[in-house]
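Number of protein chains: 2
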Amino acid sequence: MTDSRHTRIRSTARDVAQALGISQSTVSRAFTEDASVSPQTRAAILRMAGSMGYKPNALARSLITNRSKIVGLVSGSGGNPFYADALQRFSQHLQQQGYQTLLFTAPAGHDVDALLPVVLQYQVDAVIVLSAPLSAAMAEACERANTPVILFNRALSGAKAHTVACDNVGGAALVADWFAALDCRRPTFVAGRDDTSTNRERLQGFTSRLRERGMPLWRVVAGGDFTYEAGYRAMQTLLATPGDAPDAIFFANDIMALGGIDALKLDQETAAAGLHRRPAIVGFDGIAMGGWASYQLSTIVQPLEEMVAAAVRIVTDPPPEGQLVEAKLPGKVLVRASAPAAAPARPSVSPEQSARAAVL
Amino acid sequence: MTDSRHTRIRSTARDVAQALGISQSTVSRAFTEDASVSPQTRAAILRMAGSMGYKPNALARSLITNRSKIVGLVSGSGGNPFYADALQRFSQHLQQQGYQTLLFTAPAGHDVDALLPVVLQYQVDAVIVLSAPLSAAMAEACERANTPVILFNRALSGAKAHTVACDNVGGAALVADWFAALDCRRPTFVAGRDDTSTNRERLQGFTSRLRERGMPLWRVVAGGDFTYEAGYRAMQTLLATPGDAPDAIFFANDIMALGGIDALKLDQETAAAGLHRRPAIVGFDGIAMGGWASYQLSTIVQPLEEMVAAAVRIVTDPPPEGQLVEAKLPGKVLVRASAPAAAPARPSVSPEQSARAAVL
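Line order of the protein sequences matches chains A and B. Residue 2 is where the first sequence starts when you use the working numbering, and the numbers rise one by one after that. Residue 2 is where the second sequence starts when you use the working numbering, and the numbers rise one by one after that.
Please keep in mind that the hints were generated in silico from the structure rather than gathered at the bench. Fair warning: there could be bad hints in the mix.
[As the list claims (entries may be wrong)] Keeping only pairs whose Cα atoms sit at most 16 Å apart, straight-line, the calculated EDC-like set for lysine to aspartate or glutamate is:
#	chain 1	residue 1	chain 2	residue 2
1	A	K161	A	E322
2	A	K266	B	E306
3	B	K266	A	E306
4	A	K161	A	E141
5	B	K266	B	E306
6	A	K333	A	E306
Start from the sequences, fold in the hints, and give me the full structure.
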């Protein structure tokens, strides 16, 4: 303990109220986000509180109540706008529920294991892990520290963690249906980081549904990671042998697909490749850039708002102890110019399959 | 105070160390991010700490030391990737300096005034305001609460706040020099939100330098806000009267310029406008998407990494009390295809001006 703590006299909310001739509850409300206090009154109260040395102390309150009302949000680094959007929505949703967000960013290429012990020191009520790898051992450590872990769009087999994700397998199957309805013969997958569950599940959902439909997967190209540049390079690889070009490409995420579209455009402009027709291109995520006029990307849209709400609900309204939430929310087909709407099903498709294709 | 606080027996770091037969300092290091503890040891310590109910308490520590080592980062909402990038860098820089980031997101269209009282309750060591408007009254309230406020890329006249920004006036003047060197006759500005200092300063720097060079500003088009859609619409407005089309356009930020490029492309494809030549297009920020093949946007790049470092330095190494930092870092010209490199200066340009143009 430092001396300053003992020598400093702290004013109280009552002191501030008396000095201003207002009620103590008005002072309290000035320090609460949504309360009905006019900007002028709030400014006056804060000014007086400042000059009197009064600060309500949320940290002290959290020590007393054993609930910090703080959530640790652990994010990976990288430029995928999908996760920037998710981060912003998490911050807003948590705020609306009276929670604060303590943000941790994993350095590029690292998992978040080294960060978690620091997060736990802040007595967070929960840890939400976004777009960053986490080990099962560390998830278990959190669980033992009695801090629930929520994995967002990440699966971790054997981990004692809640998960909220888009149904990647189901969404990827919709792409296979779509390509089938377009009568594509050379369906191709451009993979992202192969150590992620999103990539594995999207490949698996795509491949399984193609197999069910008796369509062979034409090719899988490794992108390396989930970036624009990776998608661009993958498309260059696909165009390197023109006779071998695919007629339908499913990119593991949207931003890769944008890179792919750009590489394809450049190639068509220079007329280097003898493509019979422009391949259908579909992404996964639903980022804003996919709607830009240069791309008009067809994609599977993740229900981001609902996913964030579901994850925040685990914090505000936790399930009974020992029970783990596993929420998988369905993605939706969004048709733009990069892949046309599904044509009427071809004769060889079963009625059940054709009904499925019709929802496209 | 709740009962649970009294009935619960808290283990100490020493208890955990004894149980594992290791030193207490190893236990401490396991709870610190960068310490040299193997993942296995860390996991074992966390597991034991969890089962014994031991948690080091950063919140309690901050009450004792009167320093929370927490920084409040207040961000606006919106989809500008420049601020998503800034946010990520702030989080990483602060983390590296042993600070944590408490994130607050202002709802769209609101200023951050209502959030600040909540931020102050967390005894933050400083408040960094990113891409969101703040009132001078509120900045003063923070100052009275003895909490330094750092405005990032925002100026607020009369506010008792530190500011770290790109030199918007100087950067915009570089664009005027550039257009002059390209011998443009109809330099045009597409404005973002007109209540922001970034927009005002960029317009001012552009106009002043044009005037210095005896070039009239051809036109100012109001974009409305700093979005892709606003840039797209502004370009449509500019193309609506073909004979009146500009030959050089400075967009108030990059993402607007991308919208403008797309609107221009579409227009050229439909051959609706009788443009003599493609106008030179320059943005401001340096976002990653500007480098995408569909855009190849020429721009003024903000030195984001240096700006973030400068803002974090105010937190870690504060100036003497009462002294306000006002840092303005210069932007740099980045030439891509949307505006060609400056041609040799035309004869009417003075030697001093031609030297300036040469650095383009």
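Which earlier hints turn out false for this structure, listed by number in ascending order? Hints 2, 3 and 5 contradicted; others consistent.
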